[in-house]
Amino acid sequence: MGSALFFIIFTTAILSIMITFFTFYFKSKITSMVGMVTSMAMGMSAGLTFGVVIGILLQENFFMATVFSIAIGISVGFIVGLPINIIAVLDGMLSGIMGGMMGAMLGVMTEVVYYDAIIKIMFFLFLTTTVLLIYLFQKEVLKSASALYTNPLFPIILYSFVFLLLQQLEPISFNSDLHHKH
Numbered sequence: 001m002g003s004a005l006f007f008i009i010f011t012t013a014i015l016s017i018m019i020t021f022f023t024f025y026f027k028s029k030i031t032s033m034v035g036m037v038t039s040m041a042m043g044m045s046a047g048l049t050f051g052v053v054i055g056i057l058l059q060e061n062f063f064m065a066t067v068f069s070i071a072i073g074i075s076v077g078f079i080v081g082l083p084i085n086i087i088a089v090l091d092g093m094l095s096g097i098m099g100g101m102m103g104a105m106l107g108v109m110t111e112v113v114y115y116d117a118i119i120k121i122m123f124f125l126f127l128t129t130t131v132l133l134i135y136l137f138q139k140e141v142l143k144s145a146s147a148l149y150t151n152p153l154f155p156i157i158l159y160s161f162v163f164l165l166l167q168q169l170e171p172i173s174f175n176s177d178l179h180h181k182h
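Note that the UniProt record's numbering numbers the sequence shown so that position 165 is 165, with each residue one more than the last.
Think of the hints as simulated: they come from the structure by calculation, not from any bench. We put the beta carbon where it would ideally sit given N, CA and C, even for glycine. Take these hints with a grain of salt, some might be off.
To be verified - Between beta-carbon pairs, the in silico distance windows are:
# : residue 1 : residue 2 : range
1 : Leu-158   : Ser-3     : 15 to 21 angstroms
2 : Leu-153   : Ile-86    : 36 to 42 angstroms
3 : Tyr-114   : Tyr-25    : 37 to 43 angstroms
Using the sequences plus the hints, can you model the full thing?
Below, the structure written as structure tokens:
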């Protein structure tokens with residue numbers, strides 16, 4: 001596994017854990033609707049992001065790629081929705097199923113030359129979802145958002161930094177002998 005892929009998987013896992021922690025820590029201060037949106041967004045985006053990576057890694061076994069991706073999506077949606085209510089758990093799990101299935105399908109169907117691009121695109125979508133959820137938590141818990149999130153320079157600087165960091169790391173590639181097309 002290259003350093004770019006490791007960075008993406010590690011960052012995605014850390015951000016998922018962080019949002020889960022926020023949900024448990026602020027469960028008494030957030031509404032059911034915010035909890036449901038959070039569990040759905042995290043289940044879907046984690047399922048999609050990890051699903052693409054797993055779909056690429058398990059290119060020849062679409063069934064196992066789908067099962068693993070769905071398991072990750074369901075787990076994230078379930079855990080994030082757990083402190084809220086059963087509806088948030090159900091929404092998170094169903095979104096995780098859908099995200100995991102679509103992510104695995106996209107990963108398996110992606111051509112080798114686009115592996116790097118699709119993984120980075122999915123990571124940026126996951127990053128956007130996480131930043132928006134942090135903003136939502138601030139608005140809900142503090143009743144105001146930090147000046148950092150309302151400043152239009154924040155996303156520009158954040159995405160520029162992550163983009164430049166990923167460009168400095170080697171491209172995401174896999175052993176092409178393992179991933180031949182039929």
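Against the structure, test the hints numbered earlier, and report the numbers of the ones violated in rising order.
-> none
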